[in-house]
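These protein sequences, in sequence, are chains A and B.
Residue numbers for the first sequence follow this note's numbering, so the first one is 1 and each next one is one higher.
Residue numbers for the second sequence follow this note's numbering, so the first one is 1 and each next one is one higher.
The hints are simulated quantities; they were obtained by calculation from the structure and are not laboratory data.
Misleading hints may appear alongside valid ones.
List time: in silico DSS-like cross-link candidates among lysine-lysine, alpha-carbon distance up to 27 Å [unchecked claim]:
| # | chain 1 | residue 1 | chain 2 | residue 2 |
| --- | --- | --- | --- | --- |
| 1 | B | K65 | A | K96 |
| 2 | B | K7 | B | K65 |
| 3 | B | K65 | A | K81 |
| 4 | A | K108 | A | K81 |
Just so we're clear, the structure is a prediction, and the values are computed from it rather than from any experiment.
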Amino acid sequence: GQSLEQPSEVTAVEGAIVQINCTYQTSGFYGLSWYQQHDGGAPTFLSYNGLDGLEETGRFSSFLSRSDSYGYLLLQELQMKDSASYFCAVMGGGFKTIFGAGTRLFVKA
Amino acid sequence: SAVISQKPSRDICQRGTSLTIQCQVDSQVTMMFWYRQQPGQSLTLIATANQGSEATYESGFVIDKFPISRPNLTFSTLTVSNMSPEDSSIYLCSVYRDRDTGELFFGEGSRLTVL
């Protein structure tokens, strides 16, 4: 079977740093992705890790440890517009992408 | 970069009826994916649609309930058959913008409400 676990909710203040963790168990693994979704919108791609290590894209960074089946998304210099749901997702067997349950991020002033 | 058009964007349907959702991509793609997102929930993969072959359905989804067509490399349809209120969801079509980077690109979704 396949499963991904991430916290359901995180709250942080503007300007802070927040880390959203994701652990996964899948059959077949190509990489771990992160998506952002604002209410009423479609998910949008943030980052992808196919290999172990850290990927940085502006204020967002993502990390993967394949041996630990673990990754995280790091958001720095939080802004109010970062309030959204964040999904980790695994591209696995058959090149299908399976999503975690999502983490709701609330950014407070 | 891919552009995905989905129709309808929203609809209100009566119990027992069927509705077909269309997904048009502006470039040729091998794999197209259909997801469902129930209110406040995550995205659940319904099926993978490859041109020229039967769609591959995930556990819990069957062809009789969610028939899929994939007549060419730019178009797919998903039908939600014999709808019940439990089918009220957003249905999303997606393709890989770049499979090597794992980047999925989504249409804006079709929001169905079943009364």
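Hint check:
no. : hint            : result
1   : K65/B to K96/A  : holds, 21 Å
2   : K7/B to K65/B   : holds, 19 Å
3   : K65/B to K81/A  : violated, 38 Å
4   : K108/A to K81/A : holds, 10 Å
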